[in-house]
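Enquirer: These are the residues of each chain, in order.
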Amino acid sequence: MAVGASHYDFDRFGIIFRGSPRQADCVIVAGTVTKKMAPVIRRVYDQIPDPRYVVAMGSCACTGGVFKTYSTVQGCETFLPVDVYVPGCPPRPETLLEGMMMLQEKIRKERARWSPWR
Amino acid sequence: MAVTEVRLTLEPSGLAPIDIAETIKGKFPDQVIEVVESRDQVSVIIKRDQIVAILRFLHDDPLLSFDHLQDLTAVDYIKKKEIRFEVVYNIYSIRYRHRIRIRAQVPENDPKIDSVVSVWAGANWHERECYDMFGINFVGHPDLRRILMPEDWEGYPLRKDYPLKGPEFDKDWAGFTDVVKRSKELREFEWAG
Numbered sequence: 001m002a003v004g005a006s007h008y009d010f011d012r013f014g015i016i017f018r019g020s021p022r023q024a025d026c027v028i029v030a031g032t033v034t035k036k037m038a039p040v041i042r043r044v045y046d047q048i049p050d051p052r053y054v055v056a057m058g059s060c061a062c063t064g065g066v067f068k069t070y071s072t073v074q075g076c077e078t079f080l081p082v083d084v085y086v087p088g089c090p091p092r093p094e095t096l097l098e099g100m101m102m103l104q105e106k107i108r109k110e111r112a113r114w115s116p117w118r
Numbered sequence: 001m002a003v004t005e006v007r008l009t010l011e012p013s014g015l016a017p018i019d020i021a022e023t024i025k026g027k028f029p030d031q032v033i034e035v036v037e038s039r040d041q042v043s044v045i046i047k048r049d050q051i052v053a054i055l056r057f058l059h060d061d062p063l064l065s066f067d068h069l070q071d072l073t074a075v076d077y078i079k080k081k082e083i084r085f086e087v088v089y090n091i092y093s094i095r096y097r098h099r100i101r102i103r104a105q106v107p108e109n110d111p112k113i114d115s116v117v118s119v120w121a122g123a124n125w126h127e128r129e130c131y132d133m134f135g136i137n138f139v140g141h142p143d144l145r146r147i148l149m150p151e152d153w154e155g156y157p158l159r160k161d162y163p164l165k166g167p168e169f170d171k172d173w174a175g176f177t178d179v180v181k182r183s184k185e186l187r188e189f190e191w192a193g
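Here the protein sequences line up with chains D and P, keeping their order.
Take the first sequence: its position 11, counted from the start at 1, is 11 in our numbering, and no numbers get skipped.
Take the second sequence: its position 19, counted from the start at 1, is 19 in our numbering, and no numbers get skipped.
Any given hint might turn out to be false.
Incomplete in silico selection of chain P near chain D, CB under 8 Å [as the list claims (entries may be wrong)]: (1) P150; (2) K165; (3) G175.
Hints are computed from structural coordinates only; laboratory data are not their basis.
The beta carbon of each residue, even a glycine, is placed where N, CA and C say it ideally should be.
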């Protein structure tokens, strides 16, 4: 929330929150992922058009964190291709900002292919 | 005294929890097993058979008037007590500002107890959670389904003999293993940039 608001301001870096996965390029998994929630997150991801990226935000989304229990997914990379891991519990706003800028750097290094078949 | 006059009384009753426990004991002498006092908190351990009658009495009696069910949960006393489960009712009187804890014993081989939704409607989701986590059946509950775990989950996670880290992956909940397997199949179609 802090990163989106005016103190840190995602908009300065061209990152704008969208209301629908169909308009998005990137999904930030923020918080603990439970097994019950995993199919829902996968469905949201499947709705994003290519090219698409995933940022795992926080210890819980990266590894499951302290919750090594029956109901918690041990890191969302078990069912999503994660591009950037943002550690911290919770991460500082600067950390998330840095993570998103690393993702931008990664995108900048890509070959200009917009799909596997072109 | 007319009922309306009783309702207007908002003074604390002055009843100590131990007095309330004695009242229950006097009214249902064959149901009360034990009264436990610890740090000014009193628990009344009872048999499960008359649970609705006892709680209905506590709720309806004009001098007790336990109009608020603060919490309803269960405790698993595996290997510690002879009777494995206890369903715990923390009840409070908003009108008289007194409280008491009722604990009903539920054995492992027949884990069921009568539902108290008819006394406090708020017990509905508490009993569903209790069923979800401990596998205690609340007889007469209007809609006894799992509330937190997926509806086709196997096992009751808060029982002490349930493995902390959950089942092995191939025995895990099908909804989760399916999404993991599907994401592995789809991985070759991911765009690598």
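Enquirer: If you take the shortest Cβ to Cβ gap from K165(P) to chain D, is it below 8 Å?
Expert: holds, 6 Å
Enquirer: Could you check if G175(P) really has its C-beta closer than 8 Å to a C-beta on chain D?
Expert: holds, 5 Å
Enquirer: Hint P150(P) vs chain D: min CB-CB distance below 8 Å?
Expert: Nearest chain D Cβ about 5 Å off; hint holds.
In summary, the structure agrees with every hint in the numbered list given earlier.
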